[in-house]
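Make the full structure from the sequences, and use the hints.
Those sequence lines, one after another, are chains X and G. Per my numbering, the first sequence starts with residue 1, numbered consecutively. Per my numbering, the second sequence starts with residue 322, numbered consecutively.
Simulated from the structure, these hints should not be mistaken for lab results. Positions of the beta carbon are idealized from the N, C-alpha and C atoms, including for glycine. Check before you lean on any hint, since a few could be wrong.
Looking from chain G toward chain X, a few residues come up when the C-beta cut is under 7 Å (computed) [stated by the list, open to error]:
no.	residue
1	THR465
2	TYR476
3	GLY498
4	ASN500
5	VAL662
6	VAL678
7	VAL682
Heads up, simulated SDA-like pairs for lysine to any residue below, C-alpha to C-alpha not over 25 Å straight-line [said to hold, decoys possible]:
no.	chain 1	residue 1	chain 2	residue 2
8	X	LYS120	G	LYS464
9	X	LYS120	G	ALA364
10	G	LYS576	X	ALA296
11	G	LYS464	X	ARG197
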Amino acid sequence: MNDSLLVVVIASGVAYGTPLLYAALGELLAERSGVLNLGVEGMMLVGAVMGFWTVQRLHAGAGLSLAAAVGVAAVAGAAMAAIHAFLVITLRASQIVSGLALTIFAGAAGLSSYLGNDLKLADNPARHQFGAVFPADARHWPVAGPILFGQNALVYASWACVVAVWLYLSRTRPGLNVRAVGESPASADAMGIDVTRYRYAHTLAGGAFAGVAGATVTLAITPQWVDGITGGAGWIAIALVIFAFWRPELCLVGAYFFGALQALAPQLQARGIQLGPTVLWTNSLPYVMTVVVLVAVSASGARRRLGAPAALGVPYVREER
Amino acid sequence: MRIERRLERPRWLLAAVPAGSLVFAFFASGVVLAATGHDAPDAYRQIFDAAFVDRGALGQTLVSATPLAFTGLAAAAAFRMRLFNIGAEGQLFVGAIAAAAAGLYLGGHGWPQALVIAAMVAAGCAGGAAWALVPGVLRAFFKTNEIISSLMLNYVAAYLLTYLIFNTESYWRETEGFNASVFPTGKELPDRALWPAATIHAQGGIALPLGAGLALLAAAVLWLLYSRTRFGFEAQVLGDSPRAARYAGMRTRRKILAVMGISGALAGLGGASQDGDFRHTLDADPNGLQKQYYGYTGIVVAALGRYNPFAVLVVAFLIGGLQNAGTTLQGADFPSGLVGVMQGIILFSALGGELLVRYRVRVARRARAEPAAAAEGGA
Numbered sequence: 001m002n003d004s005l006l007v008v009v010i011a012s013g014v015a016y017g018t019p020l021l022y023a024a025l026g027e028l029l030a031e032r033s034g035v036l037n038l039g040v041e042g043m044m045l046v047g048a049v050m051g052f053w054t055v056q057r058l059h060a061g062a063g064l065s066l067a068a069a070v071g072v073a074a075v076a077g078a079a080m081a082a083i084h085a086f087l088v089i090t091l092r093a094s095q096i097v098s099g100l101a102l103t104i105f106a107g108a109a110g111l112s113s114y115l116g117n118d119l120k121l122a123d124n125p126a127r128h129q130f131g132a133v134f135p136a137d138a139r140h141w142p143v144a145g146p147i148l149f150g151q152n153a154l155v156y157a158s159w160a161c162v163v164a165v166w167l168y169l170s171r172t173r174p175g176l177n178v179r180a181v182g183e184s185p186a187s188a189d190a191m192g193i194d195v196t197r198y199r200y201a202h203t204l205a206g207g208a209f210a211g212v213a214g215a216t217v218t219l220a221i222t223p224q225w226v227d228g229i230t231g232g233a234g235w236i237a238i239a240l241v242i243f244a245f246w247r248p249e250l251c252l253v254g255a256y257f258f259g260a261l262q263a264l265a266p267q268l269q270a271r272g273i274q275l276g277p278t279v280l281w282t283n284s285l286p287y288v289m290t291v292v293v294l295v296a297v298s299a300s301g302a303r304r305r306l307g308a309p310a311a312l313g314v315p316y317v318r319e320e321r
Numbered sequence: 322m323r324i325e326r327r328l329e330r331p332r333w334l335l336a337a338v339p340a341g342s343l344v345f346a347f348f349a350s351g352v353v354l355a356a357t358g359h360d361a362p363d364a365y366r367q368i369f370d371a372a373f374v375d376r377g378a379l380g381q382t383l384v385s386a387t388p389l390a391f392t393g394l395a396a397a398a399a400f401r402m403r404l405f406n407i408g409a410e411g412q413l414f415v416g417a418i419a420a421a422a423a424g425l426y427l428g429g430h431g432w433p434q435a436l437v438i439a440a441m442v443a444a445g446c447a448g449g450a451a452w453a454l455v456p457g458v459l460r461a462f463f464k465t466n467e468i469i470s471s472l473m474l475n476y477v478a479a480y481l482l483t484y485l486i487f488n489t490e491s492y493w494r495e496t497e498g499f500n501a502s503v504f505p506t507g508k509e510l511p512d513r514a515l516w517p518a519a520t521i522h523a524q525g526g527i528a529l530p531l532g533a534g535l536a537l538l539a540a541a542v543l544w545l546l547y548s549r550t551r552f553g554f555e556a557q558v559l560g561d562s563p564r565a566a567r568y569a570g571m572r573t574r575r576k577i578l579a580v581m582g583i584s585g586a587l588a589g590l591g592g593a594s595q596d597g598d599f600r601h602t603l604d605a606d607p608n609g610l611q612k613q614y615y616g617y618t619g620i621v622v623a624a625l626g627r628y629n630p631f632a633v634l635v636v637a638f639l640i641g642g643l644q645n646a647g648t649t650l651q652g653a654d655f656p657s658g659l660v661g662v663m664q665g666i667i668l669f670s671a672l673g674g675e676l677l678v679r680y681r682v683r684v685a686r687r688a689r690a691e692p693a694a695a696a697e698g699g700a
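Have a look at this one:
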């Protein structure tokens with residue numbers, strides 16, 4: 001029963017969806033403060049390469065190396081986000097172009113590839129990787145076993161992050177302030193909230209999450225380094241924030257849906273199931289579905305009511321209100 | 322120190338800021354090089370020689386610059402109207418697929434070369450435009466974010482390209498001969514479908530590909546369209562102020578579709594030129610066309626050229642040189658990815674420099690004493 005296509009696709013969908021979830025949570029934090037960061041793909045790749053580098057070079061036990069790797073990946077992602085934050089918050093550059101620039105700078109043909117090459121990381125398997133946390137007995141329970149108990153530590157940590165982000169935004173004072181900064185920076189400023197500081201902090205936090213998302217790819221899903229290993233996951237994460245109406249709990253659902261779509265291709269191919277040009281449509285499915293869902297959400301015409309921060313993408317200049 | 326909005330933008334700044342950004346970018350890239358243990362001045366000398374000076378360098382630079390001119394123009398055409406079409410990568414692939422089909426079929430059926438080439442150009446434009454119209458239609462009728470939808474289609478186009486050569490016995494795939502059974506490749510285009518090139522007698526012969534000429538022509542047409550026609554004017558108004566445009570009764574949807582179509586056609590033409598000028602087959606090799614990232618680099622080219630078609634050509638040539646040097650020098654001293662890093666830094670600097678175009682930085686105390694000599698445009 002645990003080998004049935006549905007269970008396997010859902011179980012690996014949770015695993016594949018985890019980087020999407022981390023990246024989407026980070027992007028959500030940045031967007032809630034009013035900063036659109038299209039550089040997620042680039043930040044993920046730099047996090048991925050730096051996390052992988054830490055595991056390869058740090059001579060320590062598995063647990064310590066992996067924890068350090070996640071930390072390094074978060075710092076690397078935040079450092080990338082800092083460039084974007086400086087350009088769009090301090091220098092008031094176009095958020096769209098700056099985000100694209102960040103993806104080009106850090107992305108598959110940029111810094112991540114440079115680092116991977118210069119640190120000679122390609123073509124080696126990871127020395128340590130995140131494995132299943134629970135003992136094998138639990139993993140063999142029908143249905144719930146592989147889906148709930150067969151996952152690695154990063155999956156469980158991501159659930160904690162969803163709860164934490166949800167609590168932070170809806171139940172704390174700083175969370176309320178972030179939402180105010182994203183909805184109406186001028187009013188927030190009048191209330192004495194430091195708009196610039198909040199935007200910097202949340203853009204950096206978004207970068208840190210994206211870095212961890214990247215490390216999830218290179219340390220848990222495909223434990224190796226190749227250029228452009230995230231394969232557009234960063235962009236899907238940006239779309240996810242829109243589908244999730246800027247709410248963390250819906251990010252979880254969306255991430256696993258797209259994770260399952262990604263898991264479908266290798267499963268169908270491995271089982272020899274042929275439906276027309278299978279290789280083509282199964283590989284393209286996550287990307288096509290992203291567009292389809294995006295159309296469904298935007299066509300409903302209620303984007304604003306559904307939670308887009310009103311000041312998203314608009315630089316705040318105190319003198320120019 | 323205060324930052325205030327400029328009421329007038331001096332013309333010299335429009336050229337000085339990109340130039341200053343380039344200088345700053347080379348300095349910042351030098352820091353990256355030094356930080357990773359490379360000799361920056363030496364690396365720059367090598368880049369310059371490999372891009373423009375060495376024997377055959379200019380010819381190779383043109384090979385890299387031609388597709389960048391097309392994708393740069395494609396991005397410029399759309400970004401001018403604030404339509405962020407970042408799908409030039411996929412549109413170029415689909416253009417290449419369509420043009421290769423036209424070239425293989427008509428060339429194989431003995432049509433005269435001029436007609437085959439014209440058909441390839443038309444097919445490339447049509448393929449690219451069709452692929453761009455998907456996000457265009459979605460944006461025009463459903464207000465779907467074109468950034469994400471056009472980007473997602475890049476991946477689909479790449480899978481389609483790979484599929485046609487690797488996973489199916491398609492019309493484009495070579496199925497006969499020994500090599501075809503070892504590694505899947507595309508069919509060679511017939512001689513009639515190869516694009517001619519003019520030769521300049523310098524550096525041991527520089528081939529000026531037909532695609533470069535077409536890019537020049539396209540830039541001229543685009544410039545006329547945006548600066549001399551009502552269409553171009555309306556497109557820019559729509560970009561700068563959609564509300565004003567609607568009050569003035571401009572047709573938003575039609576313009577979105579037209580601009581996305583033009584943008585896609587330009588990228589698709591770049592794909593056709595890849596087939597006819599350079600690769601002479603439909604190249605689906607994972608380390609070939611798909612590793613060049615022409616579509617994404619086109620965004621850098623367009624932004625650095627400030628979306629001006631002629632400036633885009635100049636920038637395409639310079640960035641093409643950088644790209645060419647990156648390929649030539651690739652190795653231990655010169656890791657791949659360095660070129661992308663430099664392009665990113667150049668783009669960041671140009672973006673930051675934009676602040677100096679739109680705002681003036683005043684040092685408050687001095688400004689009060691002698692307002693005319695306020696620190697303007699420095700850095």
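- Task: Could you work out which earlier hints the structure fails to respect and list their numbers in ascending sequence?
- Result: 3, 4, 6, 7, 8, 11
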